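*Asks:* In case you want the letters, here they are:
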Amino acid sequence: MTLLRLAFSSLMERKLRSLLTMLGIIIGVASVFAMLAIGNGAKKSILENFDELSTRTVSLRPLWTGRRSSQSRPYRRFDEADLKELAALPDVELVSGTLGREETAVVPGADWATSITGADENHLYTEGMEMAGGRNLTPEDLEFGRTVAVVGSAAASRLFGQSYPVGQTISIRKVPFEVVGLVAEKEGEISWGGDENDFILIPRTTARNRLFGNDWLVRNQIDNIRVVARDQGAVANLQNNIDYLLRRRRGLSAADAPDFAARNFAAMQQSRAESGRIFTVLLASMGVISLVVGGVGVMNIMLVSVTERTREIGLRMSIGARRSDILRQFLVEAVVLCGLGGAIGLAVGYGASQFAEKASVQNGEALFKTVTDVPTALIAFGSAVLIGVVFGYLPARRASRLNPVEALRHE
Amino acid sequence: MIRTADLRKTYTMGGQTIHALDGVSLDIPDGQFVAVIGASGSGKSTLMNMLGGLDSPDSGSVEINGQNIAGLGQKTLARFRNETLGFVFQSFQLMPRQTAVANVALPLSYRRPKPADANERAAAVLGAVGLGDRLTNKPTQLSGGQQQRVAIARALVGDPKLLLADEPTGALDSQTSDDIMELLVRLGREGLTIVLITHDLEVAEYAQRIITMRDGQILEDRMNEKAVAA
Ligand SMILES: Nc1ncnc2c1ncn2[C@@H]1O[C@H](COP(=O)(O)OP(=O)(O)OP(=O)(O)O)[C@@H](O)[C@H]1O
Ligand SMILES: [Mg+2]
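Respectively, the protein sequence lines represent chains A and B. Per this note's numbering, residue 1 is the first one in the first sequence, and the count goes up by one each step. Per this note's numbering, residue 1 is the first one in the second sequence, and the count goes up by one each step.
Just so you know, these hints were derived from the structure itself, not from any lab. Any given hint could be a false lead.
[What the hints assert, rightly or not] Below, in silico cross-link-like pairs of lysine to aspartate or glutamate (DMTMM-like), each with a Cα-Cα straight-line distance of 20 Å or less:
#	chain 1	residue 1	chain 2	residue 2
1	A	Lys174	A	Asp79
2	B	Lys161	B	Asp27
3	B	Lys75	B	Glu63
4	A	Lys84	A	Asp223
5	B	Lys114	A	Glu13
6	B	Lys75	A	Glu406
7	B	Lys75	A	Asp325
8	A	Lys186	A	Asp198
9	B	Lys138	A	Glu13
10	B	Lys226	B	Asp200
Since this is a predicted model, take the numbers as computed values, not measurements.
Next comes chain A alone, as it looks inside the complex (with noise of 0.2 Å):
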């Protein structure tokens, strides 16, 4: 406490200079801080577009290999016997295999281009959807290849306006569907160029034999597989098992480039959104160079703060002060004169970012979105102190070598 009083007075004595030597540290911890504050906004406002499951969901598509269109062979698809050694793997909680084709379904008194997917029962979970009436697929349905289907809200509406479509048929490609059940709107943002509710579901089966073929490569062809995890956690070590699996089952070495696709997109976004904007790159290079220009300001004024203060030591050494009596004291002053920096650039930093914020707004969205917790301030402010620490260091130690001879006859 006394060293703490001692080291502001030391510092209240000379303002101008302190407030100064403080500007690195000011500067720096105001960026570090603002890095920080705009990384979190934009990692939570990732975590907002996407919902808790897709954060756990793992996409499988086949890729096409080789550089050149010349060399590049087909994609190999996957197919019914990858689906059931994938819901195998540990930890996962189910898993679902699509093939689709935009094809025109036929109702009496109209017709409408819709999606037509092969699915399962778990397809509408891994896209988040739930039934509004009827039924959803069941594995029998894919058992014996039922002609039936589960028919998306935007479909519905288009094929049979206001009317209840469960019980009513569909043809596709001349074949006849009962619609057995109808899938509750979803909300959410009109993505990838499509209404998320136009679709027709039918079984996978039914889809291979009835309309699309079966592959005569691959047999029981699956076009996009989504394997969900039992929590987020698992997820890295599920995508491992997955690639081990998949290249077990093709005959891949480690070493082969791959010929499918593993993804979680709300990691690779996460991620990509950390490390991708320039901006917080800039933020971040600019606060660790003022942290440590600051530093060694800091370094430089408490090495001159020793020099002018040496009769001060001896003095000190005269009635009692030890060695580390003399470095804690100088110590103290190296680090509240960062703290001090530290605590004004916590503000700046906070103003800053707040006024990114505001100052971004477009069609009343915030390009830079900002998170400023406690945790980010104390990373800020802790870099500071740090920083103090670090360079006050030496000052302070050479402080505490002075022979006291020497030092009370210092001028």
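Assemble chain B with the ligands onto chain A, guided by the hints.
*Replies:* Leaving out everything else, chain B with the ligands in the frame of chain A:
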């Protein structure tokens, strides 16, 4: 009780060897007021620094109350200075921006355990040296004699056994010097051992014993009948 045995200290400056102390053996009983005089460069300050453990001899020993302080570690020496010694310097060495009380209380901030009544004790000692009405003045608001009183109060606040004063009157006029010396004499009568360094013979006359140094050696060591009788 102070006892030095064959103290030696040499400095080499530009190839030249200076014997700052050249075999000083000295006994000072408790409660004695000793003045050390001698020409400039005769080794007076060097001797005082040895007695105060600020400097260590090349050879010989310094015993204070039976303890050889030449062999003590840095921490023990700091504690010894804090508890047993009081220093007074020619140039006062006060903290310019702190009040008289804060200056006087400073040594207590290094005492372990730290006394809770440091400021009260500082104020009391300031009262004893005649500055009871200047407690919150800063050094720049005090005369030279008053500043030296503050410095003496600072040396006394920790209840030392030994007061070491290097030219305490060197920066003062003769009237103020006399006041300071009378204060030291009074402290000596109260039982404090005092080693006073001066080159002023008139000032030395206040002491009970006068040691004259030359070239790092003791030239003369005599009792001062006037002061002993007084
Ligand atoms: N750090 C040092 N380096 C080199 N020589 C030194 C050092 N300290 C003291 N000396 C020399 O030792 C000798 C004794 O010095 P000291 O300070 O003890 O003299 P003094 O009697 O106190 O003189 P004064 O009355 O001028 O204060 C001097 O010749 C001085 O030059
Ligand atoms: Mg001297």
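*Asks:* Against each hint, give a clear statement of whether it holds in the structure.
*Replies:* Structure-based check of each hint:
1. A:Lys174 - A:Asp79: violated, 26 Å
2. B:Lys161 - B:Asp27: Given pair Lys161 of chain B, Asp27 of chain B holds - Cα atoms ~15 Å apart, limit 20 Å.
3. B:Lys75 - B:Glu63: holds, 17 Å
4. A:Lys84 - A:Asp223: holds, 15 Å
5. B:Lys114 - A:Glu13: Distance ~26 Å between Lys114 of chain B and Glu13 of chain A Cα, so the pair is violated.
6. B:Lys75 - A:Glu406: Distance ~19 Å between Lys75 of chain B and Glu406 of chain A Cα, so the pair holds.
7. B:Lys75 - A:Asp325: The given pair, whose Cα atoms are some 10 Å apart, holds under the 20 Å limit.
8. A:Lys186 - A:Asp198: The hint holds at about 10 Å.
9. B:Lys138 - A:Glu13: Holds, at roughly 14 Å.
10. B:Lys226 - B:Asp200: holds, 17 Å
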